Amino acid sequence: MTSNSPKEMSANSLLNILHIADPTLPIGGFSHSNGLETYVQQRIVKDADSAQLFIESMLKNNYKYNDSLTLRLAHEYASAHQMEELFGLDNEISALKSPREVREGSVKLGTRILKIYSQLITNELVTEFFNKVKAKEISGHYAVVYGLITSILGVDLSSSVNSFYYNAAVSMVTNAVKLVPLGQIDGQRILYGLHPLINLLTEETLVLDKAMLGVCNPALDIKCMQHERLYSRLYMS
Amino acid sequence: MEKYSLRTGLREQTILKEAFFTPPFKLVEVRENKKNPLLEVMVMSSSPGMLNNDTYDISIEVIPNSYLNLQTQAYQRIYVSEGGTNQVMNVKVGEKAYFSHVPHPVVPHAGAKYYAENIIHLTKSSTLLWGEILTCGRKFMEGNEEFTFKKHHSLTKVYVDNELVFKDNLYVEPLKINIKDLGLYESYTHQGSLFFLAPDTDISERIELIYSSLENVEGIDFGISKIRDNAYLLRILGNGGEKLFKIFSKIRKEEDGLINARETELCKQN
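Protein chains in written order, with this note's numbering: chain A, 1 to 237; chain B, 238 to 507.
One or more hints might be untrue.
Below, in silico cross-link-like pairs of lysine to aspartate or glutamate (EDC-like), each with a Cα-Cα straight-line distance of 16 Å or less [said to hold, decoys possible]: (1) A:K136 / B:E400; (2) A:K60 / B:E410; (3) B:K417 / A:E204; (4) A:K60 / B:E319; (5) A:K210 / A:E92; (6) B:K387 / B:E319; (7) B:K394 / A:E92; (8) B:K463 / A:E204; (9) A:K60 / B:E445; (10) A:K210 / A:E56; (11) B:K413 / B:D437; (12) B:K413 / A:E92.
The calculated label-pair distances, taken between Cβ atoms and stated as ranges, are [stated by the list, open to error]: (13) B:T501 / A:P26: 54 to 62 Å; (14) A:M212 / B:G456: 24 to 32 Å; (15) B:S441 / A:R233: 14 to 22 Å; (16) B:V267 / A:A211: 54 to 62 Å; (17) B:E410 / A:S232: 18 to 26 Å; (18) B:I356 / A:E128: 45 to 53 Å; (19) B:L392 / A:P196: 43 to 51 Å; (20) A:S158 / B:L392: 24 to 32 Å; (21) A:L15 / B:N381: 31 to 39 Å; (22) A:L230 / B:K417: 23 to 31 Å; (23) B:I356 / A:S158: 47 to 55 Å; (24) A:Q82 / B:E455: 45 to 53 Å; (25) B:L446 / A:S232: 32 to 40 Å.
If you want the ones that stay clear, here's a sample from chain A, every Cβ over 10 Å from chain B, calculated [stated by the list, open to error]: (26) M58; (27) S118; (28) T127.
Honestly, the hints are just simulated from the structure, not real lab data. Quick caveat: nothing in here was measured; it's all calculated off a predicted structure. Glycine included, C-beta positions come from ideal geometry on N, C-alpha and C.
Next up, chain B with everything else stripped away, as it sits in the complex (with noise of 0.2 Å):
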């Protein structure tokens, strides 16, 4: 099994309290601006993938009033393998923390298969940005891999207060299903999905200003809608990981670069 786990801390501004891994993993902190409040950390891997069996177990706790970005530094492999891969990933967190994680894509290639299992517990002043993107496989290379994987089943499983507030169950066999059926894929070949939940937020500003920016875009089809008063879900179908991943980080980027804002306006009203 592999792991990484983490746990911020705070002084002035979040840092990075405890960080324990074993290969391929590392964590690195990656924050640019030294005297941001909002931590930023990238998890780093030695391996090209997962494969062989690989078992991935991680866990996030961002303590109270600490600020978290996740970041990835790469596309995410899966390789074919006997007893298919796995990954668990726990997040915690506390009141009025703030954590953001966008993803890489996943790119599953031929003969993949991939079950994982995300669970994040919030509490009713927490912050989340949360973000997925599913490829076809290796589409441009040579003898194209477009849906050649095996199974892919992603859970993801919100709570507030141990309350389930948001259920994502993807599941992909493409050797089961027609990925043109209407509702599934249909003309497109990656799907995206974004949820963002904040206190006391009125999301529609949000939802309007994310609707107006990707209204023009083109080779996407999406979707964003209430989850609750304070929070929404953003669906995108497209046909390249990097489009979809750069209207994630974007949104992330913006998010992240709130917290930042937000911490420093503080500090100088003290």
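Okay, chain A solo, but in the shape it has when bound (with noise of 0.2 Å):
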């Protein structure tokens, strides 16, 4: 973990942020669907142009007010070693997502990535925050660790959030081609067309007053409580 040189230092960083935004990191994060599943059974989402419109409604609606900029704070909190305030920002989000599915697939990530880079690297903030979890003192958000980990691995802000855009994003373009289902290019033809988006909005998370936390989405809040019903099931919500 340490390195001195500046250049050995951003090289370690990019592979980090590349490392903990790896849609592949074994923690399940394509067994949620986050309420695209219901949006598909209802036919609102059909093609590659629905698909589209709702990944980018999810990215500036959504994950602007809620993730994201819980995943800005926690990095900021992590960063500044005020872990009070890093366990409130865990419990008020369990306070905000009301649907169940939806909190509790948060805490699944979470707690899995907590799990695997408890193993990774010895740091005293990720045992503290652990063993909180442990206690059920907190649950261990996604976007929660998420900021924690990417701080003390000494990723910067800006990357930290840009990566986990990406990351929400490439899962939704995996579970959109899958569900919908869509041709491989057009996933990957959305996933490119949303860079400018996906920049943007880490502009805007980096500057967002901190009011703005866990902003409701009705419909989409209500689709997810509708996926508990759902008749046939591929994702955990």
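Two independent chains are provided; combine them into the complex using the hints.
Pasting the structure below:
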């Protein structure tokens, strides 16, 4: 973990980003559709165009105010060693995520990524956070853990937020390709086309007012709640 | 600043122990059956709505073992004003106490700016039913004012023994977002949220009942989910305030009725 020259540091940091943002990280990211499965079953998302609209809306209306802002705050708190604020943030996310499957999914991903990194790196903040999760004093939400780990790995805030959006976009594109279904190249075209939006949202997230944390997306919440009752389901949310 | 505050008291039934209000408000007891243990209070207002940079300061205390339903008289209109309008509502519900509040829908007129903060403190044995409905503005008037308000921000926080268990951050700035986006309002114009929490209750039964009562209602989209083992959140989208208000009010009357029935049963046993 120690590197001396700035050159080594930045190389390290890029690999660290690629590692944590890797969609194949074994945390079960692809078993959660976060509402998309309901949209597909109700034929609202039914082709490449509607899938693209869905993903864009999720990024700019949902992620921006929810998981991405959470990640930014977590990164800031962890970087400043403000652990009480970090724990408080985790509890606030539990109170904000009202659809049960979305809340549980966020905790599943969060605790898995925590388990992986607690075995890869030795860091007292990670240990302290993990102990709180084990003691059930906090839940360990995905975005909070992502912020904590990237801060510890020396990933700068902007890259952390940027990679998080990218990871979210890849997950949604992959799910859409499977669920709708779409052709692989359709999926890649959507993903590539999202790059400017992801960069714009990253900038906006960095300066977003904290009071915007958890802004509700009513229709999405409803579809996520309806997912609990879908007759046949491939996804956990 | 415009204010009202009330505190319940207890005799054989819940009484209105302290009521304080400044114009335009007035608090009136409206308990239909005078023998009912549940106190029903209506907030009346002589103002057509919130205007002139109004700041409403509301404080409710439901003392241990008492039961209160707080009603509104009419839709809450928000008029355009320079500095925006604000509302702060602090609610404290004591041990084994009950509080239900399903106000009429909020109607933000063209240019309206509104900020509200609702802070609710419960204990482990308190029961709460809390509703909120936001309309798109005066949709059916001439020169349709659908989503022409400037900003609507309503924050609700529910604590149980100082632990945050539910937070809702309703923020709509129509000029800055596309309201029809997937995940936002889609094809609807009205939204409502209803939160319920009760001690030692398996909430699944209530969730099933509400689900089956709404399953076949046309013109709405809804979801209901467990927030905790003893709490649910119901979210609805629709195209009219009256329909959502009726749905929420029906659930509210049922919960109010259970409180009255439970207490009457206890009295008989004693």
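Results for each hint:
Note on K136 (chain A) and E400 (chain B): the hinted pairing holds, with a Cα-Cα distance of about 14 Å set against a maximum of 16 Å. With a CA separation close to 14 Å, the supplied pair K60 (chain A) and E410 (chain B) stays within the 16 Å bound. With a CA separation close to 21 Å, the supplied pair K417 (chain B) and E204 (chain A) exceeds the 16 Å bound. As the CA atoms of K60 (chain A) and E319 (chain B) are separated by approximately 29 Å, the hinted pair breaks the 16 Å bound.
Between K210 (chain A) and E92 (chain A), the direct Cα distance comes to roughly 12 Å. Compliance with the 16 Å bound is thereby established for this hinted pair. Taking the CA atoms of K387 (chain B) and E319 (chain B), the gap is about 11 Å. The hint holds against a cut of 16 Å. For the hint linking K394 (chain B) to E92 (chain A), the alpha-carbon distance of about 10 Å falls within 16 Å, and the restraint holds. Restraint check: the Cα-Cα separation between K463 (chain B) and E204 (chain A) comes to about 32 Å, which exceeds 16 Å; the hinted pair is violated.
Between the alpha carbons of K60 (chain A) and E445 (chain B) the distance comes to roughly 33 Å, so the proposed pair goes past 16 Å and is violated. Restraint check: the Cα-Cα separation between K210 (chain A) and E56 (chain A) comes to about 22 Å, which exceeds 16 Å; the hinted pair is violated. Distance hint between K413 (chain B) and D437 (chain B) is unfulfilled; the C-alpha atoms sit about 43 Å from each other, more than 16 Å. A distance of roughly 26 Å separates the Cα atoms of K413 (chain B) and E92 (chain A); the hinted pair therefore is violated under the 16 Å criterion.
Distance hint for T501 (chain B) and P26 (chain A): a CB-CB separation of about 58 Å, consistent with the stated range 54 to 62 Å. Range check, M212 (chain A) to G456 (chain B): about 31 Å between beta-carbon atoms, so the 24 to 32 Å window is met. At about 19 Å, the CB distance of S441 (chain B) to R233 (chain A) agrees with the hint of 14 to 22 Å. Between V267 (chain B) and A211 (chain A), the C-beta spacing of about 36 Å breaks the proposed range 54 to 62 Å.
The hinted range of 18 to 26 Å is not satisfied by E410 (chain B) and S232 (chain A), whose Cβ atoms lie roughly 38 Å apart. The given range of 45 to 53 Å is broken by I356 (chain B) and E128 (chain A), whose C-beta atoms sit roughly 30 Å from each other. Separation of L392 (chain B) from P196 (chain A) is about 32 Å and departs from the stated range, judged on CB atoms against 43 to 51 Å. In this structure the supplied range 24 to 32 Å holds for S158 (chain A) paired with L392 (chain B), their Cβ-Cβ distance being about 28 Å.
For the pair L15 (chain A) and N381 (chain B), the supplied restraint of 31 to 39 Å is violated, since their beta-carbon distance comes to about 55 Å. As the Cβ distance of L230 (chain A) to K417 (chain B) is approximately 24 Å, the hint placing it in 23 to 31 Å holds. The hinted window of 47 to 55 Å between I356 (chain B) and S158 (chain A) is violated, with their beta carbons roughly 34 Å apart. Checked against the hint of 45 to 53 Å, the C-beta distance between Q82 (chain A) and E455 (chain B) comes to roughly 50 Å, which is consistent with it.
Taking the beta carbon of each, L446 (chain B) and S232 (chain A) are about 25 Å apart, not inside 32 to 40 Å as hinted. Not every beta carbon of chain B lies more than 10 Å from that of M58 (chain A), the smallest distance being close to 6 Å; the non-interface claim is violated. With a minimum CB-CB distance of about 26 Å to chain B, S118 (chain A) clears the 10 Å threshold, and the non-interface call stands. Under the 10 Å C-beta cut-off, the non-interface status given to T127 (chain A) relative to chain B holds; the minimum distance is some 24 Å.
The structure fails hints 3, 4, 8, 9, 10, 11, 12, 16, 17, 18, 19, 21, 23, 25 and 26 (numbered hints given earlier, in ascending order).
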